[in-house]
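J.: The residues making up each chain are set out below.
There are 2 protein chains.
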Amino acid sequence: MKKIDSCIAWHEHKIKRRDREKLKNQRGCVLWLTGLSGCGKSTIANMLEETLNKKGSHTYLLDGDNIRHGLSRGLGFSDEDRMENIKRVAEAAKLFVDAGIIVIASFISPLRKHRQAAKEIIGADDFVEIFIDSPFCECVKRDVKGWYKKALNGEIENYTGVDSPYEKPENPDVHLNMEETAAEEAVKMIITVLNNLWIFL
Amino acid sequence: MKKIDSCIAWHEHKIKRRDREKLKNQRGCVLWLTGLSGCGKSTIANMLEETLNKKGSHTYLLDGDNIRHGLSRGLGFSDEDRMENIKRVAEAAKLFVDAGIIVIASFISPLRKHRQAAKEIIGADDFVEIFIDSPFCECVKRDVKGWYKKALNGEIENYTGVDSPYEKPENPDVHLNMEETAAEEAVKMIITVLNNLWIFL
Numbered sequence: 001m002k003k004i005d006s007c008i009a010w011h012e013h014k015i016k017r018r019d020r021e022k023l024k025n026q027r028g029c030v031l032w033l034t035g036l037s038g039c040g041k042s043t044i045a046n047m048l049e050e051t052l053n054k055k056g057s058h059t060y061l062l063d064g065d066n067i068r069h070g071l072s073r074g075l076g077f078s079d080e081d082r083m084e085n086i087k088r089v090a091e092a093a094k095l096f097v098d099a100g101i102i103v104i105a106s107f108i109s110p111l112r113k114h115r116q117a118a119k120e121i122i123g124a125d126d127f128v129e130i131f132i133d134s135p136f137c138e139c140v141k142r143d144v145k146g147w148y149k150k151a152l153n154g155e156i157e158n159y160t161g162v163d164s165p166y167e168k169p170e171n172p173d174v175h176l177n178m179e180e181t182a183a184e185e186a187v188k189m190i191i192t193v194l195n196n197l198w199i200f201l
Numbered sequence: 001m002k003k004i005d006s007c008i009a010w011h012e013h014k015i016k017r018r019d020r021e022k023l024k025n026q027r028g029c030v031l032w033l034t035g036l037s038g039c040g041k042s043t044i045a046n047m048l049e050e051t052l053n054k055k056g057s058h059t060y061l062l063d064g065d066n067i068r069h070g071l072s073r074g075l076g077f078s079d080e081d082r083m084e085n086i087k088r089v090a091e092a093a094k095l096f097v098d099a100g101i102i103v104i105a106s107f108i109s110p111l112r113k114h115r116q117a118a119k120e121i122i123g124a125d126d127f128v129e130i131f132i133d134s135p136f137c138e139c140v141k142r143d144v145k146g147w148y149k150k151a152l153n154g155e156i157e158n159y160t161g162v163d164s165p166y167e168k169p170e171n172p173d174v175h176l177n178m179e180e181t182a183a184e185e186a187v188k189m190i191i192t193v194l195n196n197l198w199i200f201l
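One line per chain: the protein sequences are A and B, in this order.
First residue of the first sequence? That's 1 in the working numbering, and the numbers climb one at a time after it.
First residue of the second sequence? That's 1 in the working numbering, and the numbers climb one at a time after it.
Please note: incorrect hints may appear among the correct ones.
Which copy is meant is left open, so a pair is good if it fits within one copy or across any two.
[Claimed, not checked] Capping the alpha-carbon separation at 25 Å, the derived lysine-lysine pairs in DSS-like fashion look like this: (1) 149 / 16; (2) 113 / 188; (3) 14 / 54; (4) 54 / 22; (5) 150 / 87; (6) 16 / 188; (7) 16 / 145; (8) 55 / 22; (9) 145 / 14; (10) 87 / 188; (11) 54 / 149; (12) 168 / 145.
Source of the hints: derived by calculation from the structure; they are not laboratory data.
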């Protein structure tokens, strides 16, 4: 017997992405922040959203921990679960782009295949990869959440940078070397890139 | 060994829902349209979004078929999968509400427990249940997609209203009797309810 699955048709809606973007004077896009835990993703994500909000841009911030309380509740940190988490985030981010929102997505997303999957789901034209590049030892020294200590002591497992790999982006759209760049400066650099991409209409 | 799962903390962001809503002069909320396939959900959802967009409201339309191409890809129509689908939709809708968007969610959501789950995830204050009430025989007569015919012929299974139940909402926020109400009138009634809920700031 035929399953309903094969009968699902894509619905065209009357109000389209451009109509929603016009109201906001901006183009929807995803600013994908990748980097080790403790590299400064959250600091930059928050400062960036504050700056954009003040200039009247419509934003939304998705971050790893908050998503794991909702859309990805129940997923763990195995290879398979990390990939499923990234896929759900990317599908949600894609809907936000269709709604005309500038999405700031702050996710360790440690492997190239994770970022590649997100880019494919969201669409290359709407995906801006931003590498928040802090040296491992700096992240460990900071250890905001106290997890590096636990991971290095063997108290938790699958921790990126300790017993789980982080693959640096090879060709990110923005590469922020955090040893040389203050957070304010980093935000300015991102805004410049957004200007060049004609995100603000 | 301790899993990372237990270490996930909720992140407070600098820019909050109210900041995002202020830019849009509206309160985020979910207008949850429930009803049989062919009852007129899509027609009303589209007309409603068009009306809201024209008056400058920031909206997004989530519908069952489109979500099943993305966030819920791979889920079927078993009891368990239908519930998982509704939960993912509700989690995504909740993020949109936090972004300050008026979400129009058009889902058959046939069982009370589906709508209840959505309401619990989204939060009762942000959830408006709208029952698009068309008699079964009218939906079958219309049969826009030709699926009722197939379902009644036994060519597809688990079809709501045919071999899968639809439980009418007992106390919806808006009850639209489609035998007596033209689509334009239905949209006006919904807008009136939104005015009474102080959705437009």
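J.: Could you run down the list of hints and mark each one as holding or not?
T.: Hint check:
1. 149 / 16: neither (48 Å within a copy, 31 Å between copies)
2. 113 / 188: neither (28 Å within a copy, 48 Å between copies)
3. 14 / 54: For residue 14 and residue 54, the Cα distance is within 25 Å only across copies (12 Å; inside one copy 31 Å).
4. 54 / 22: both (19 Å within a copy, 11 Å between copies)
5. 150 / 87: Neither. Shortest intra-copy (28 Å) and inter-copy (33 Å) distances fail the 25 Å Cα cut-off.
6. 16 / 188: between (31 Å within a copy, 21 Å between copies)
7. 16 / 145: Between copies only: 22 Å across, 42 Å inside.
8. 55 / 22: Both: 16 Å inside a chain and 13 Å across chains, each within 25 Å.
9. 145 / 14: So residue 145 and residue 14 pass the 25 Å test across copies only (18 Å; inside, 46 Å).
10. 87 / 188: Classified as neither: same-chain Cα gap 29 Å, cross-chain 38 Å, threshold 25 Å.
11. 54 / 149: For residue 54 and residue 149, the Cα distance exceeds 25 Å both inside one copy (37 Å) and across copies (54 Å).
12. 168 / 145: within (22 Å within a copy, 48 Å between copies)
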